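J.: Modelling step: build the complete structure from the supplied sequences, incorporating the hints.
Residues per chain are reported as follows:
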Amino acid sequence: MNRSRPKAPKRPQERPAQPGWASQRPTIIDVANLSGVSKSTVSNVIQDKDHVAETTRARVLEAIEALGYRPNALARDLVRRHANTIGVLVGDLANTFYAELVKLIELQASGAGYTTIVCNTDGDLALERARVETLLERLVRGVVLLQFSGDHVVLDELRAARVPVVVVSCEDERADCVAVDDSAGMALAVEHLYSIGHRSIAHVTGPLVEQSTRAARVAGFERTMARRRLHPRLLTPDWEDGAPEAIRKLRKLVTGSEGPTAFAAANDVMAIRLIDALESAGLRVPEDVSVTGFDGIELGAHRRISLTTVAQPRAELTGRAFALLLDRIGGQAKDGRMRHVQLDPVLVIRDSTAAPRR
Amino acid sequence: MTSTFRRPTINDVAALSGVSKSTVSNVMRETGTVSVATRARVRDAVEQLGYRPNATARNLLLRRTNLMGVVVGDVANAFDAELVKGIERQAAARAYTTLICNTGGDARLEASRIEALLEQRVDGIVLLDFTGDRVVLAQLLAERVPVVMVSCWSDFADCVAVDDVIGIDLAVRHLVELGHERIAHVVDPVMEATTRRARVEAFERAVLRSGLPAHPEWIVDYDPASAEAALLPVFRGREPPTGIVAANDYTAIRLMELLERTGLAVPEDISLVGFDGIDIAGLGRIGLTTVVQPRDTLAQTTLELLLARIETGYDAAPKQYRLIPSLVVRTSTAPPR
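Top line first, the protein sequences correspond to chains A and B.
Just so we're aligned, residue 1 is where the first sequence starts under the working numbering, counting upward by one.
Just so we're aligned, residue 1 is where the second sequence starts under the working numbering, counting upward by one.
Treat the hints with care, as some may be off.
[What the hints assert, rightly or not] Simulated DEER-style distance windows between Cβ atoms: (1) A15/B - V346/A: 27 to 37 angstroms; (2) G68/A - F156/B: 13 to 23 angstroms; (3) P240/B - G111/A: 38 to 48 angstroms; (4) T9/B - T56/A: 50 to 60 angstroms; (5) A15/B - R129/A: 26 to 36 angstroms; (6) G50/B - R337/A: 37 to 47 angstroms; (7) A66/A - T262/B: 51 to 61 angstroms; (8) G111/A - R94/B: 42 to 52 angstroms.
[Said to hold, decoys possible] Going by beta-carbon spacing under 10 angstroms, a handful of chain B positions derived as facing chain A: (9) P8; (10) V70; (11) D74; (12) A78; (13) D80; (14) E82; (15) V84; (16) L109; (17) R113; (18) A116; (19) V187; (20) L212; (21) E268; (22) G282.
To be clear, the hints were calculated from the coordinates, so they are not data collected in a lab.
Remember, it's a predicted structure, so these values are computed and weren't measured experimentally.
Using N, Cα and C, we set each Cβ at its ideal position, and we do this for glycine too.
T.: In structure tokens:
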């Protein structure tokens, strides 16, 4: 830092007027002038160092109050080399499951004195890289990945910058993770469908499902189908914007002799959109075809939706994740050993599943 | 702090490449006269250490942070989430990073989150939610931090919102045209206060204009914790309302669930109109008739206003935009029995 500052700094009022407002906020110099102490004394008071006399401290605090001075977080960050911010990367904020997680993380972060930077990636790799770069430039204390493409470049960047990371609701062996056992969760859904008589079951998944989550849920699906000696069919939805051609194709698939009698979707939003597409194709759920979801969003419990699903414990997910992140930030956790917390998902049976007609 | 987490600094780069800090700085900023060989050495060191020139330092010089605060009432409400997503995307395209704070519509939380944003020295703040706390607004104005209120309103600030009077009028007129004469308004207490009040007033006026008798007891809050106890007496009384205008889609959809759980069918027993036009309102099973807000235009206008304020300051009078909503008729409304 530049220490060869002139002895008598210009008073802030004498600075040339600038557009924008940052320049007109009271500075530490104003506080020092008003309380009649040096800048470094003001700084000591702000940093709560103990070798300042009580009367001086009171005078400085009064001046701070009177001027509405706010210590500059930027300057402070620069000295500490980090900001009191946490970055949160989310794939799709419009998916209420993620919005709910973001809300919980923001609550915990602010409880611990951090402000949250939320970045939406739409599951796009280029966006993800760009947003992580932004977070690093912002000197965030830690990053919560609610969606992670699995891109090693992103993790390498974070690691090189020595920024603690926790991955929530998805998995990566190179980072601390908190997730439900996605594979076991998908097995719950498939076993439920099997137990009520379904033998032709398709798994529906797509790019908006976080990559490692997608892989784990696919693996759980395939393993359970193999255990039951059934053919695992995977589908990517093309019906979500309701194009007539895609809806016709969906109808043909389901009404064909080998067509699936049940769909196990990779998340609730996909399941709900699938039900919408099936019904606009003239099929009934669950009479003609059963559908299960994954996540346990609020809308799934709505009577008109009544979605059978595999629910994730949201509060526990975010609570454990934030605790892991704080450990890393505080330096309690050693860098090398990654900690993986796995929570149990719960099957919630509602009205979107029933015995098959054939 | 443990050494594990120490990030490389300009000093490390200078030490490794054997030049002064200011030479490193010149290389990073591509200024000054630095020989090609030195430049290459510095770049190697930067690469090797993973050094990142610091946005904070740069911003300290510029007195800009390129940070934008977004204060939201409830990200679990899809309208807020979809709007935040739109604002975040447009802000990123203009090199701004958004800090998102959720207040739950609580005035104390709102004040503390705004305080946190000010400490971060945000260049501007977008309020999607404002409890109507004058102290908070006065503080923002005193700090001279540019503020744009979106989907909420104050006479003192730049605002972008849909015209609530026109929107509510569309909803009430639709029900009246279907033959409804007993119409209730269900309020979301978590919803932003100025909008909430504006929609209540607009509802009262629209009912009067339609020549229907006023029923103040038919303007009720939807509080998830006590909804059944508070709402059922209204909708199960003698001569109950046959139509409902909900303050927003989120409330309408939860209300639909409550009514049907307790044996009232929508639209057979009671018609329901929402406000916002969130995606799930359009699902076949929900089929909510609603007043649709032009979400993308809201987000875009907000960003443009805020960036203009950040560039030019607060010299001009508040700029206020009212956008025109439209009614989308689906299956939640029908003539009364």
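J.: Each hint needs a verdict: does it hold in this structure or not?
T.: Each hint, compared with the structure:
The beta-carbon spacing between A15/B and V346/A, approximately 55 angstroms, falls outside the hinted interval of 27 to 37 angstroms. Roughly 18 angstroms separates the CB atoms of G68/A and F156/B, a value that falls within the hinted 13 to 23 angstroms. With their beta carbons about 44 angstroms apart, P240/B and G111/A fall inside the hinted range of 38 to 48 angstroms. Between T9/B and T56/A the CB atoms are about 33 angstroms apart, so this pair departs from the stated range of 50 to 60 angstroms.
Restraint check, A15/B to R129/A: a C-beta distance of roughly 29 angstroms satisfies the suggested window 26 to 36 angstroms. For G50/B and R337/A, the hinted distance range of 37 to 47 angstroms is not satisfied, since their beta carbons lie about 22 angstroms from each other. A C-beta distance of roughly 58 angstroms is found between A66/A and T262/B, which places it inside the suggested range of 51 to 61 angstroms. A hinted range of 42 to 52 angstroms is violated for the C-beta pair G111/A and R94/B, which are about 31 angstroms apart.
At a threshold of 10 angstroms, the smallest CB-CB gap from P8/B to chain A is about 9 angstroms, leaving the interface hint in force. A hinted interface residue such as V70/B counts as satisfied when its beta carbon comes closer than 10 angstroms to some beta carbon of chain A; here the least separation is about 8 angstroms, so the hint holds. Checking D74/B against chain A by beta carbon gives a least distance of about 8 angstroms; that is within 10 angstroms, so the hint holds. Interface hint at A78/B: satisfied, since its Cβ lies 6 angstroms from the closest Cβ of chain A, which is below the 10 angstroms cut-off.
Residue-level restraint check for D80/B holds (minimum Cβ-Cβ distance to chain A is 8 angstroms; threshold 10 angstroms). Given hint, E82/B at the interface with chain A, holds; its Cβ is 5 angstroms from that chain's nearest Cβ, closer than 10 angstroms. A hinted interface residue such as V84/B counts as satisfied when its beta carbon comes closer than 10 angstroms to some beta carbon of chain A; here the least separation is about 6 angstroms, so the hint holds. A cut of 10 angstroms between beta carbons decides the hint on L109/B: the least distance to chain A is about 8 angstroms, and the hint holds.
Hint on R113/B holds. Least Cβ distance to chain A is approximately 7 angstroms, under the 10 angstroms limit. Using the Cβ-Cβ criterion of 10 angstroms, the hint placing A116/B at the interface with chain A is satisfied: the shortest such distance is roughly 5 angstroms. With a cut of 10 angstroms, the hint placing V187/B at the interface with chain A is violated, because the nearest CB-to-CB distance is about 20 angstroms. With its C-beta approaching chain A no nearer than about 29 angstroms, L212/B sits outside the 10 angstroms limit, and its interface hint is violated.
This hint is violated: E268/B has a C-beta 14 angstroms from the nearest C-beta of chain A, more than the 10 angstroms allowed. Because the closest C-beta pair between G282/B and chain A is about 9 angstroms apart, less than 10 angstroms, the hint holds.
Hint compliance for this structure: hints 1, 4, 6, 8, 19, 20, 21 are not met, and every other hint is.
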